[in-house]
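Novice: Single-letter residue listing:
Number of protein chains: 2
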Amino acid sequence: MKTELEQVLPGEIEARSFEIITEELEQSGRKIEERYAPIIKRVIHTTADFDYADQLVFSPNVLELAMEALREGACIVTDTQMAKAGINKKALRKLGIEIYNFMADEDVAEAAKRNGTTRAVASMDKAAALNCPIIFAVGNAPTALIRIYELVQEGKLQPELVIGTPVGFVNVVQSKEMILELPVPYIVARGRKGGSNVAAAIVNALLYLVCGR
Amino acid sequence: MKTELEQVLPGEIEARSFEIITEELEQSGRKIEERYAPIIKRVIHTTADFDYADQLVFSPNVLELAMEALREGACIVTDTQMAKAGINKKALRKLGIEIYNFMADEDVAEAAKRNGTTRAVASMDKAAALNCPIIFAVGNAPTALIRIYELVQEGKLQPELVIGTPVGFVNVVQSKEMILELPVPYIVARGRKGGSNVAAAIVNALLYLVCGR
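Residue numbers (my numbering), protein chains in the order written: chain B, 1 to 213; chain D, 1 to 213.
Among the hints, erroneous ones may be present.
To be verified - Below, a list of computed lysine to aspartate or glutamate pairs in the EDC-like style, where the Cα atoms sit at most 16 Å apart: (1) B:Lys90 <-> D:Glu106; (2) D:Lys193 <-> B:Asp51; (3) B:Lys113 <-> D:Glu106; (4) D:Lys90 <-> B:Asp51; (5) B:Lys90 <-> D:Asp105; (6) B:Lys89 <-> D:Asp105; (7) D:Lys89 <-> B:Asp51; (8) D:Lys113 <-> B:Glu12; (9) D:Lys41 <-> D:Glu14.
Claimed, not checked - In silico negatives: residues of chain B with every beta carbon more than 10 Å from chain D: (10) Ala74; (11) Cys132; (12) Phe169; (13) Lys193; (14) Val210.
For the record, the hints were derived by calculation from the structure and aren't laboratory data. Glycine is no exception: its CB is placed at the ideal position from the N, C-alpha and C atoms.
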């Protein structure tokens, strides 16, 4: 084996990764606010992409509000099965938090077809009818973010938090800028980059702030 | 609403995204081999990160070999639930392909504890005992790739394809370079970047090459 491997115990890989991220953030001269470091560093850990140090934006007091919502029985709604799969189930169980994804539901597919829209839009409509405070984790579909914007503007939805990290090329940048106009707590990855993995990483970082890693 | 949205029908968003990716790849002057374009562009579609045009490496004839394996009943093994969740189930059903992820299995947790290793390693050992040709989609754990390397070197495993796209900071770069030394078909994202989403995107691109989008 020509390759030199770093000797790190399985339980220490994550901590070592965060050390490296912290060192390289300092060396790069990028400034991040210390209170947001657990979120920003976990997103970098998930992507190996230091651009997120500049791209993640936070509404005022969002961490306190999000942590309170998680402690007080908010549920989580994602726009992909991938984001749902990437969220730490042990932490969810510890806090008794329900997580929903409606993208594969038949009624969602039917509503999307009927209305000539995306399943992501129909699944946000379905979420708006839930009987619990909601944290949205939207890592894929700009149409989902746009629908959240409309529902909030129409007074039909008051989310506890909108995590907006869709990725891509069509209306992605715009949909994220729209969320920044809303009077709701948000964590958004500006620009084209993001993904279900980024949305899940942000949820996990918040869960660990509440119940430990 | 201050933001100007592009008017694109739901069914046309993906095609429009690929047009944009194609245009910007050309403008950037990056050269990609045409035969690999469906893989590279789908990874860029999933990440909005054009670096992958340079970072993805392909073993000789890998597309032909992978397509043949998918047609002839190979199964897929992932190292995360996220990668499994991100792979197109309709395409899997069409081709009759089984997909496995062993990370949450009790015997895997026990084996990892007993051997002082990661669950990713134990789940690769479990995969090696499967009674089908295997395509590995490893988007997270460098220890999984390193175990695949060892099993191949020991003559205990002969995968049809290794998709190696772990992301991160500890042994990630090294584990991917190790796969490049193996006499097996591979698609690898060199460097630190990657992820479960990237592994799933590569599997999906291959599935669509076989059975259409």
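Novice: Within 16 Å, alpha carbon to alpha carbon, are Lys41 (chain D) and Glu14 (chain D)?
Specialist: Judged against 16 Å, a Cα distance of about 11 Å means the pair holds.
Novice: Would you mind confirming whether the straight-line C-alpha gap from Lys193 (chain D) to Asp51 (chain B) stays at or under 16 Å?
Specialist: 12 Å, holds
Novice: Verify the proposed pairing of Lys90 (chain B) with Glu106 (chain D), using a straight-line Cα cut of 16 Å.
Specialist: 15 Å, holds
Novice: Next pair to validate is Lys89 (chain D) with Asp51 (chain B); report whether the Cα-Cα distance is within 16 Å.
Specialist: Given pair Lys89 (chain D), Asp51 (chain B) is violated - Cα atoms ~32 Å apart, limit 16 Å.
Novice: Closest CB-CB distance from Cys132 (chain B) to chain D, is it above 10 Å?
Specialist: 23 Å, holds
Novice: Regarding the assertion that Ala74 (chain B) does not contact chain D, is the least Cβ-Cβ distance greater than 10 Å?
Specialist: 22 Å, holds
Novice: According to the definition I'm using, a residue is off the interface if its beta carbon is farther than 10 Å from all beta carbons of the partner; does Phe169 (chain B) meet that for chain D?
Specialist: 4 Å, violated
Novice: A cut-off of 10 Å on Cβ-Cβ distance, and Lys193 (chain B) was said to be off the interface with chain D. Does that hold?
Specialist: Lys193 (chain B) not clear of chain D: closest Cβ-Cβ about 5 Å, inside 10 Å.
Novice: Since Val210 (chain B) was said not to touch the interface, does its Cβ keep a gap of more than 10 Å from each Cβ of chain D?
Specialist: 22 Å, holds
Novice: Checking one constraint from the list: CA of Lys113 (chain D) to CA of Glu12 (chain B), max 16 Å. Satisfied?
Specialist: Roughly 14 Å separates the two Cα atoms, so the pair holds.
Novice: When you check the alpha-carbon spacing of Lys90 (chain D) and Asp51 (chain B), does it fall within 16 Å?
Specialist: 34 Å, violated
Novice: Would the pair Lys113 (chain B) and Glu106 (chain D) pass a check requiring their Cα atoms to be no farther apart than 16 Å?
Specialist: 41 Å, violated
Figure legend: structure checked against the earlier numbered hints; hints not met, in rising order: 3, 4, 7, 12, 13.
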